[in-house]
Amino acid sequence: MNILSLWEKIKKLRKEKNMTLKELAGDRITAAQISHIERDKSHTSYELLEYLSERLDVSIDYLLETKEMQSKKITDNLILESEIYIKKGELDDAEKEIHQIIEICEEYDLSENYGKCNYLLGNIYLKRKDSRKANFYFEKALFYFIKNDDKKRIFECYMNSADIYFEDGFYQVALTNYSFAKDILNQITTDEPDTYKDLYSKISKCYMRMDDSEKALEYIELIGSIDNNYSPTQEVEMLVLKAKKLLSEGKYLDSKYYFTKALKIIEKEENKDKLAQVYLTVGKIYGEMGDNEKLLQYSEKVYDLKKSDSDEYMMDSLFNIIESYIDSNNFEQAKKYSKLALAAAIKTKSKYDEFRALKYYCDIYKYKGETEISIEYLLKCIDIVSALDKEEVLGNLYIELGQLYSGISKDKELECYQKGVTIFKNLEII
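In terms of the numbering used here, the sequence shown has 6 at position 18, counting the first letter as 1, and numbering is strictly consecutive.
Worth flagging that the hints you see were computed from the coordinates, not collected in a lab. Do not take every clue at face value.
Computed list of lysine-lysine pairs in BS3-like fashion (alpha-carbon distance at most 30 Å, straight line) [as the list claims (entries may be wrong)]:
id, residue 1, residue 2
1, Lys339, Lys327
2, Lys337, Lys76
3, Lys249, Lys140
4, Lys0, Lys10
5, Lys249, Lys337
6, Lys170, Lys262
7, Lys60, Lys10
8, Lys272, Lys337
9, Lys354, Lys327
10, Lys260, Lys239
11, Lys378, Lys354
12, Lys289, Lys324
13, Lys75, Lys139
Okay, the calculated beta carbon distance ranges per label pair [stated by the list, open to error]:
id, residue 1, residue 2, range
14, Ser236, Glu91, 47 to 53 Å
15, Asp292, Thr248, 24 to 30 Å
16, Lys232, Glu69, 36 to 42 Å
17, Glu281, Glu91, 57 to 63 Å
18, Glu91, Met7, 31 to 37 Å
Glycine residues also receive a C-beta, built at the ideal position from the N, C-alpha and C atoms.
Given only the sequences and the hints, what does the whole structure look like? Please build it.
Next comes the structure, spelled out in structure tokens:
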């Protein structure tokens, strides 16, 4: 995609149409005048440009478009193409194209798109698990987004940087960035409650890592208040009514805006993964605080949300529910959900999840004092894990089996301990 001056466009279009200077000039001007225009030696009036646009079969807007305007349009489109590359996982192609876009942005001082390019590079390196480089580009992008007052992208940069700092164990720095993100979010006044819930759950996690459970709980309660106050169904109904009223008044663009907004809420409700992730995080925080009841409550929310999907979120919620019931000695409920987890694992053909479900059966019978049944389930677990690349897990299972055999068979107890120790030695753990 070439960025052309006015005279370059006229010359290029004339040659593409195989027109001579005289043919383009027609009876309006001379061939010599056209030659001067094509060499940027002559001023062109608006009326003359209208005439030339008709002769060349293009819009006058195309001829009047400056190099700066062209460069903005071209880089806008190339950025969209780069985003598609990233979503398809074609990161090398995306990076190559982004660096080409950056060259255009630098030449024509397109600071907004320069910021977007650095933001996309940050995403690329995030996908490559290179957090240092990713953060470098997010912070670089942030400078340009602040310069252009692009609050939505400022918020995204702070969130991404905070996530990186959190994963690297810099909880205070992460919290500072989340706080900046919160300030920006309040300025945006978004009506998307999930955005607030995601942010608050991450702030809460920071406080938990910093041993400030009181603050962590404060943000968890904020999530709860959002859940209680927000009804997507009611909001959709309100937006549709507003859209219909505008439509009846002939305000078609305004009506379309509200219909589109309602559709986005419906689509977001259909994509439940992010909400499930937030609830799992909240439950985990309560679990770390020793609040088993709240862990169970949020795990059940995830299960209700995802039980028709049989995905990792549903499985994690089931395992949390089972652990909660085991911890509260409610073994019948624990068995009920273990059965559900086992059925889901078999359905999805996940051998590791099948092992995890059977292991809970083993734990339940162990805590009930029914050692022989517990051993049967543990042997099934060992059979499954032996076929997986989980040597450390296998070693721990043999050690646990040895503990179960103590008091039943000293020979089997010793045999299991030896197998476990051998595995750990091979892994250089001991």
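Hint check results:
Pair hint Lys339 plus Lys327 holds up; C-alpha atoms about 15 Å apart against a cutoff of 30 Å. The suggested pairing of Lys337 with Lys76 holds, with an alpha-carbon distance near 26 Å, which does not exceed 30 Å. Between Lys249 and Lys140 the alpha-carbon distance is near 17 Å, which keeps this suggested pair within the 30 Å criterion. Straight-line distance between C-alpha atoms of Lys0 and Lys10 comes to about 15 Å, which keeps the hinted pair within the 30 Å bound.
A distance of roughly 39 Å separates the Cα atoms of Lys249 and Lys337; the hinted pair therefore is violated under the 30 Å criterion. Proximity of Lys170 to Lys262 is assessed by CA-CA distance (about 18 Å); at most 30 Å being required, the pair is judged to hold. Under the criterion of a C-alpha separation no larger than 30 Å, the hint pairing Lys60 with Lys10 is inconsistent with the structure, at around 34 Å. About 26 Å separates the Cα atoms of Lys272 and Lys337, which keeps this hinted pair within 30 Å; it holds.
About 17 Å separates the Cα atoms of Lys354 and Lys327, which keeps this hinted pair within 30 Å; it holds. This hinted pair does not check out: Lys260 and Lys239 have alpha carbons roughly 33 Å apart, beyond 30 Å. With a C-alpha separation of about 23 Å, the suggested pair Lys378 and Lys354 falls inside the 30 Å cut-off, and the hint holds. With a CA separation close to 17 Å, the supplied pair Lys289 and Lys324 stays within the 30 Å bound.
Restraint check for Lys75 and Lys139: satisfied, since their Cα atoms lie roughly 23 Å apart, inside the 30 Å limit. Take Ser236 and Glu91: their Cβ atoms lie about 51 Å apart, and the range 47 to 53 Å holds. Between Asp292 and Thr248 the beta carbon distance is about 29 Å. The supplied range of 24 to 30 Å therefore holds. Taking 36 to 42 Å as the suggested C-beta distance range, the pair Lys232 and Glu69 conforms, at roughly 37 Å.
Look at Glu281 against Glu91: about 58 Å separates their beta carbons, and that is inside 57 to 63 Å. For the pair Glu91 and Met7, the supplied restraint of 31 to 37 Å holds, since their beta-carbon distance comes to about 33 Å.
In terms of the numbered hints stated before, the structure departs from hints 5, 7, 10, listed from lowest to highest.
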